[in-house]
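Letter by letter, the chains look like this.
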Amino acid sequence: MGHALRSYGTLIGMAAVILFFWVMLPDTFMTARNWINLSQQMSMLIVVATVMTVVMAVGDFDLSVGAMASLAGVVAAVLFAQGHGIAVAVAAALAVGLLGGALNGALVSLLGILPFVATLATLTIFSGVAFLVSDGKTISGRAIPEAFAGFARGGIVLGGGERPLVLSWLAILAFLGVALVWLVLEQTSYGRRLYALGGNMEAARLAGIKVARLRLTAFLFTGVGAAVAGLMYAARVASANPTQGDGLMLTAIAAVFLGMTMTRGGQPRVLATLAGVVVLGVMDNGLTQLNVDSYVREVLVGAIILAAVSISAIGRRAVGMR
Amino acid sequence: MALTFSRRAAVGLGFVASVAFAGAAAAEGERIAVITPYLAQPGTQFYVEAFQARAGELGWEVNVIDTAGDVAAVISRMEDVVNQGVDAIVLNVDPAQVGAGLDAAAAAKIPVFGMDAGADARIQANITSNGYAMAAETAVYVANRIGGAGNVVMFTFDPFPPVQVRGVIADAVFGNYPDIKVLDRITPDVADGGIADARAKMEAVLAANPEPGSIKAVWAAWDQPALGALQAIEAAGRQGEGIVITGIDANPQARDEIAKGGNFEASVAQDFAGIGRTTADTVARVLGGETLKANVIYVPTKLITAANAAE
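Residue numbers (the numbering used here), protein chains in the order written: chain X, 513 to 834; chain B, 380 to 690.
Here chain X stands alone, though its shape is the one from the complex:
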């Protein structure tokens, strides 16, 4: 019983949430159009939560992803404003992400600073640099190339005639990211070593795994992933300001935790994280369509997270008592 609750509690809860909205919104919720909307709304969060899964698999944390997303967007926008092309701006933003990730990794793995503290510090640094680079302003309008903003609006047309159904490039990019990270974590020895590190760092060290180097590389994923998400965000709003990605961090961590309630051994797994993102995205989407007050919506989302984690904890205790 406890085991079933633990393994399937969140999945059952997820199904219940979806069923609830399906019944309450019979005409609009379970439609291709709505799920296509959802896929692009969730795309940035999917990317950040997916890479967050990598560092959390190692047992670490990265609080700086939101600030990095903001910084990457601002870096690209400032380069656009200076007349640089899309390739240069995107490459520079990704480079900033890689450097930031390397900095986080070095602080945590080489200097041995607690990830919570190290990435809290870099969060502040990235955020400050974003303000410096942008002068605190929102960069928008003609400075942003049409093709860059157009990327967020385009995609593969799936039909629909007069109001075409378009699977957006943003969603496709997010799913590619999930597939890539899934492959790396689940199908390579590199991924298995990351999980070994997360399971028991000392044992991994004794087993001959190069702990410091491996731990550092995990942060490269969050750095680059956050930069990608920041660029996606900037394209979607055709503008960039120094705080726009900040909200991604807590939601991404919430999604990973939600996902962890449905995996064996409570490990962070990419597909479980994706399910966590879907729960959060569906809540926002469904409750908006039900005209639920924005602030009530936030309370409900928090309550759902607590409920999922509680059920999982109760299930674990039941297993333990047996």
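Calculated directly from the structure, the hints in this document are not laboratory data.
Remember, it's a predicted structure, so these values are computed and weren't measured experimentally.
Keep in mind that a hint or two might mislead.
[To be verified] Just the calculated beta-carbon pair ranges, DEER-fashion:
(1) G464(B) - L818(X): 31 to 39 Å
(2) E590(B) - L644(X): 40 to 48 Å
(3) A447(B) - Q594(X): 30 to 38 Å
(4) D482(B) - E714(X): 53 to 61 Å
(5) E669(B) - A528(X): 42 to 50 Å
(6) Q594(X) - R410(B): 43 to 51 Å
[Said to hold, decoys possible] With the Cβ distance kept under 8 Å, some of the chain B side facing chain X (calculated, not the full set):
(7) N442
(8) R456
(9) E458
(10) A479
[To be verified] Some chain X residues well away from chain B (every beta-carbon gap over 12 Å; in silico):
(11) Y520
(12) A618
(13) T636
(14) S701
(15) Y702
(16) R705
(17) A708
(18) L718
(19) L726
(20) R829
Glycine included, each C-beta is placed from N, C-alpha and C at the ideal position.
Since chain X is already given, all that's left is putting chain B on it; use the hints.
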């Protein structure tokens, strides 16, 4: 005969049914979504509340959605309410940043309105205050107070378009008086809000023009430089020279100074509640089938002087 009768009865029944249906539809009311990232800001709250009050009178069901500063979420919520099939969307965000959402609404033929948002071809109308008119109010106030003659110091900020238009109008008004001379047209550094640097710049102007009466007035394109100029004049001990100061926006600090009856004599207040009400009325016009000619609708503003600053 029997046939005609039954046909008539059927028509009658159909009529009753359609009336009942229409009645049910009317009772349900139009569904309007108001989406903003800025609900926490005082001005936004004023117009959203006024919008809701007017919508209540019109029998609408209003869903106010606050994305707490997240502009991408505004697009997401626009997609959601488009999918939900609302009758109209009201935005309070720069339309240039939510183009994807505007496209979604346009594809579904759902009208979008701006409540102090900015103009865009995909927006039926933006309801806001007229920056040109606000500047004209204070510029002619200054010209009349100094009898159309004397030296005026201007504080402007051309890099920000909504403030730039104010400066243009003041230039025109002062230029129309042959005996008014614009002594200096200053762009203060606004990194700290504009008060401190405006004060420093004004101190320099005062030092360069030590004769009483050599500066008749200070016209500022918004309240902060007006407050800075006031501080400079008071610090120099020249508040007795009758230098007239005006600002725009009528923020609480400016209202306090104006109410004291000192040098800071006038500012202009936007009618936030009026913007909310007029937005609701404009939505009603479009839902009623009207096509709007103007896609910017201005709500009158109000000159604030010592007579009404405490209101």
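Hints, verified against the model:
| no. | hint | verdict |
| --- | --- | --- |
| 1 | G464(B) - L818(X): 31 to 39 Å | 33 Å, holds |
| 2 | E590(B) - L644(X): 40 to 48 Å | 44 Å, holds |
| 3 | A447(B) - Q594(X): 30 to 38 Å | 31 Å, holds |
| 4 | D482(B) - E714(X): 53 to 61 Å | 55 Å, holds |
| 5 | E669(B) - A528(X): 42 to 50 Å | 45 Å, holds |
| 6 | Q594(X) - R410(B): 43 to 51 Å | 45 Å, holds |
| 7 | N442 | 4 Å, holds |
| 8 | R456 | 5 Å, holds |
| 9 | E458 | 4 Å, holds |
| 10 | A479 | 5 Å, holds |
| 11 | Y520 | 29 Å, holds |
| 12 | A618 | 31 Å, holds |
| 13 | T636 | 18 Å, holds |
| 14 | S701 | 37 Å, holds |
| 15 | Y702 | 33 Å, holds |
| 16 | R705 | 36 Å, holds |
| 17 | A708 | 37 Å, holds |
| 18 | L718 | 46 Å, holds |
| 19 | L726 | 34 Å, holds |
| 20 | R829 | 36 Å, holds |
Every hint from the earlier list agrees with this structure, and none is contradicted.
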